[in-house]
Amino acid sequence: MKKIFLAAVFIFLICVVIFSNRQKNPEVNSETGIKEIVYNLGADPRTIDPALNYASDGAVVIMNTFDGLLRVGSDDRGEPACAESWEISDDGLTWTFHLRDGLKWSDGEKLTAQHFKDGFMRLINPETGAPYASYGFFIKNAEKFYNGTANSEEVGIKAIDEKTLEINLEYKNPLMLDYMSFPAFAPARMDIINEYQTAWAAKPETYISNGAFKLESWKHGDGGEMILVKNPNYWDADNVKIDRLRFVNINDPNTSLAAFRAGKLDLTSGVPMQMLPLLIKRGEIIPKPALGVGYCSFNVDRKPFDDVRIRKAFTLAIDRKIIVDKILMSGARPATGFICDIVPGTTNEKDFRTEGGEFLPERADVEEARKLLAEAGYPGGKNFPKVAYKYNSNPGNKILAEVLQGMWKKNLGIEVELLNEEWKVFIETRQKGDFDIAREAWILDFNDAANLLETLMSASPQNATGYKNLKFDELMKNAAVEMDNTKRINFMHEAEKILMEDLPVLPIYFYSSGSLQSKRVKNIHKSPRGVLLFRNAEVTE
Amino acid sequence: MTGRYIFRRVLASLLTLFIIITITFFMMRAIPGGPFTDEKAIPSFVLEKIIERYHLNDPLYVQYGRYLLNVLRLDLGPSYRYEGMTVNELIANSFPVSFEVGSLALILALLIGIPAGIISALRRGKWPDRLAMILSVLGVTVPSFVIAAALVYIFSWQLGWVTVGFWEGISTAILPAVTLAGYPAAFISRLIRSSMLEILGQDYIRTAYSKGLSERAVIYIHALKNAVIPLITYLGPLTAGILTGSFVIEQVYGVPGLGTFFVTSITNRDYTTIMGVTIFYSAILVFFNLITDVILAFIDPRIKLR
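Top line first, the protein sequences correspond to chains X and F.
Note that the first sequence ends on residue 560 in our numbering; no numbers are left out.
Note that the second sequence ends on residue 1061 in our numbering; no numbers are left out.
Don't read these hints as lab results, they were simulated from the structure.
A quick note: this is a predicted structure, and the numbers were derived from the prediction, not measured.
Idealized CB from N, CA, C, for every residue including glycine.
Mixed in with the good hints, there may be bad ones.
With a Cα cut of at most 16 Å, we get these calculated EDC-like pairs of lysine to aspartate or glutamate [what the hints assert, rightly or not]:
| id | chain 1 | residue 1 | chain 2 | residue 2 |
| --- | --- | --- | --- | --- |
| 1 | X | Lys516 | X | Asp453 |
| 2 | X | Lys238 | F | Glu923 |
| 3 | X | Lys238 | F | Glu844 |
| 4 | X | Lys222 | F | Glu923 |
| 5 | X | Lys451 | F | Glu794 |
Far from chain F, some chain X residues (derived; all Cβ distances over 10 Å) [unchecked claim]:
| id | residue |
| --- | --- |
| 6 | Glu244 |
| 7 | Leu284 |
| 8 | Ile446 |
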C-alpha cells in the first residue's frame, strides 16, 4: 500500500516538475503597459498571402498587416494609403499613382512602386494560382498574360520611378479605387517570395508586410493563435494606438462566450445560436446590417422549376417576416429584393435597396402563390413532381430548411423533400447543378451591387442556377465599364428588376452581424463585409 | 528468442501500417469534393493551376506511389489546408500539447481507477463498492462532451476558477485532462474490480492467507500482480488514443492539440494531413501494442513469446 502510494506521489511530482516549465510561457505573464486587444478570429486562416487568400478570416489579417495604394476607410470605400494622390487620363484608361515619401516595409526595406508592380503581376501570373486573378483583368493585357498570349512586358503596369506607378487599363473601371484597396492588390516582396515560395506567408520571419501591424508569431490550428504587433515602419504609425493584437482560434461558440465572460476576449462574434436572441435583447450585442444575402437557387434547367410561375409561387409562399423575427432572431431583415441594405445607390442619401424598392412582400402572398401554381397546372399542389431542397449540414440550415418545407406544405400543398450534405459534397453538387432548390448565401467582397448581381450572369462560375438572360447579361456588362456612377447604378437597378421577374433565386433575408465587445476597447472598425480594422482601435483602462 | 519475437512483431507492424496507408489513401480519394473545393467558386482555369502545383492531376496510382516513397523518407508532405506548412510541422506543433494533456489524463485515470477497483472488490456489495460502481457506470456512459460542458459550466461560468478557450500550460490542462480521464478511469476500475474478484477466489490466495500472511501482503503482492494483467492489455490502445488527443475536448477547451486534425482534416479534404495523422496514430498504436505484449510476456509466464 505504502509503496503504491509513494509511487503515485512520486509520479505526480515528476509530472508537476515537467509541466511547470510551461508556466514560464511569456504569453501567460501579463506584461505591464502593453496595450493588447484579443479577438476571436474563429477558424485558423488557410492562408494570409494577399494573392492567395479568398476567405474573410484571412482578409482580416491581411487588411491589418498590408496597405495597398488605397486602404479601406471608415465608410468602407477606398481612401489614400501608400498612394497620396493620383491622376486619370481623359480617356479614363491611364491611372498614375504617386506614392508617399519614406514608405518602408516592416523589416525597414524601402517600399517602392516596383513592389506594387510585383504584387499586381504576381496576382495575374498563372503560376501563382490566385483565386482573385480575374479581378486584375481590367489591367491592359493582363488576361492575355494570364492565358499565355502576351508576355509580362506587355502588361499595362509600369513603375516609372520609385514613387510613381502607372496602370494602363484594358477597359474603364469605375471601381478602380475600391479595387486598389482590396487585399489582393497588395505590394509584394519577390526577394522573399522567390526564396520561400508559399511558405513565406506561413512564418513570422518571412511574412514582411507594410501595414499597421506585423506578424510576430503564429501557432496553427484550432486553439492556436496569431500575434500581431504594431509596425513601427508603418507610414501612419502615429495613429496606431495599440501595441499588440492577439487573434485566437476558438471555434466552439460556447467556449468563446465563456472566454468572453471571463474577460479573456475583447471581441468575438462566436456565440451559441440559441443565446443570440437573449444577448440582443439584453443589449450586449447590437446587430448591424451586413453585406450578405441568404437565399435559395432554383435549377431553372430542370422541371418543374423551368416554369417561372412555379418559381414565383414558391417565392411568394415564403413568409420572410416570420423567418427573421421568429426563427433567426439575429437582427436580419426580410429580403424584399436581391441586393441587401447599405449597398450604395446613385446618391449618398438612399441606399440601393431603398432606391430599387420592394420586389417581394415581407409576408407570404398565399393567394397569389396558389393562383400561379394552379395556372402552371398544379392546383392545390396536386400531382406536383417530387422535388428536393438541398443544403449543407449545420443546425442553422436545418432549422431554416424545415421552416421553408413547412411553408411550402401549408401554403402550396407541396411536400418538398429535405436533403442535407456535408459541406464539400454540397459545394460539388451545387456546382454540378444536381439540385432542384439549393441553399445559398453570399457575402459581398466590395460594397457594390455588381459584386452580387454578377454571380448570376450566364458566364459566371458562381451561377449554379443555369439562368441565362441576355438582357440581364448586357446590362451588367454595361455597368462594368460605365464611369458615370448614376448611370452605372441605374443599369444595375434595371438588371435587378429583370432578375426579380425571372426569379432564378429566392431571396430570404439580408444578413446582420453582431459581436460581443468588451468596454475596454473602442474604435475598432467593423466593416459590413465582415472585415475588422484595428489601426485606429484604442484600449481604455 | 525475445529478439526474434520482437523482430517478427515489428515486421508485422510495418505490414499493418502499409495496409492502413493503402486503405486510407484510396478511401479518402473516393470522397466527393477536394481540398480546393470552396464556396466562392474558383474559376476552373485557376483551379487547374493549383491542382497542377500540388500534382493532384497525376493518375491516382502515381500519386500513391510517390506518397509511399515520401513516407519512407518520413516526409508527410505539404498541408493543403494550411498554405506553406508541412504536415510534419503541424504534428510537431500540436502533438506535444496533446501529449501533455493526455499523459496527465492517463496518470489521473490510473490513480483513480486502480484504487477504486481494488476497494470495490474488497468491499463487494457494501457502500464503497456501490458508490464506485455508480460513478463508473456514469463515467463509461456519459459522453465526454457532456462532462466537458458540465465542468466548463461549474468551474468557468459559476466559480470562475479557470478560463477556457486559451492554452496557457498546466493550469489550462487540468480540466481537459479530467474530462479525458473520465472514461478510462471508470473502465479501469471495473476491469480491476472484476479481475480482483476472480483472483481473490483462487486457491493460491487461500494458500497465501493460510501461510499467515497479512491481508495487505496478500492483496498487494499476490493478488494485484495478476489482477493488473487485463489492465496492461487495455493500456496499449488507451495510451495511443489518449496521447493523440480528442477532437471534442480540444474544441470545447480550446486546446491546440492533434485531436482536432483527425476531424478537420477530413472536412477540409486536406489529403496529406488526413494521411499524416492516420499514419502517426497507427504507428503509436502499433508501437504501444508491441510494448504491451512484451511487458505481458515478462509479467505472466503463461504467455509465451511466439
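Hints, one by one, checked against the model:
| no. | hint | in the structure |
| --- | --- | --- |
| 1 | X:Lys516 to X:Asp453 | violated (27 Å) |
| 2 | X:Lys238 to F:Glu923 | holds (13 Å) |
| 3 | X:Lys238 to F:Glu844 | holds (11 Å) |
| 4 | X:Lys222 to F:Glu923 | violated (21 Å) |
| 5 | X:Lys451 to F:Glu794 | holds (13 Å) |
| 6 | Glu244 | violated (8 Å) |
| 7 | Leu284 | violated (7 Å) |
| 8 | Ile446 | violated (5 Å) |
Checked against the numbered hints given earlier, this structure breaks hints 1, 4, 6, 7, 8; the rest are met.
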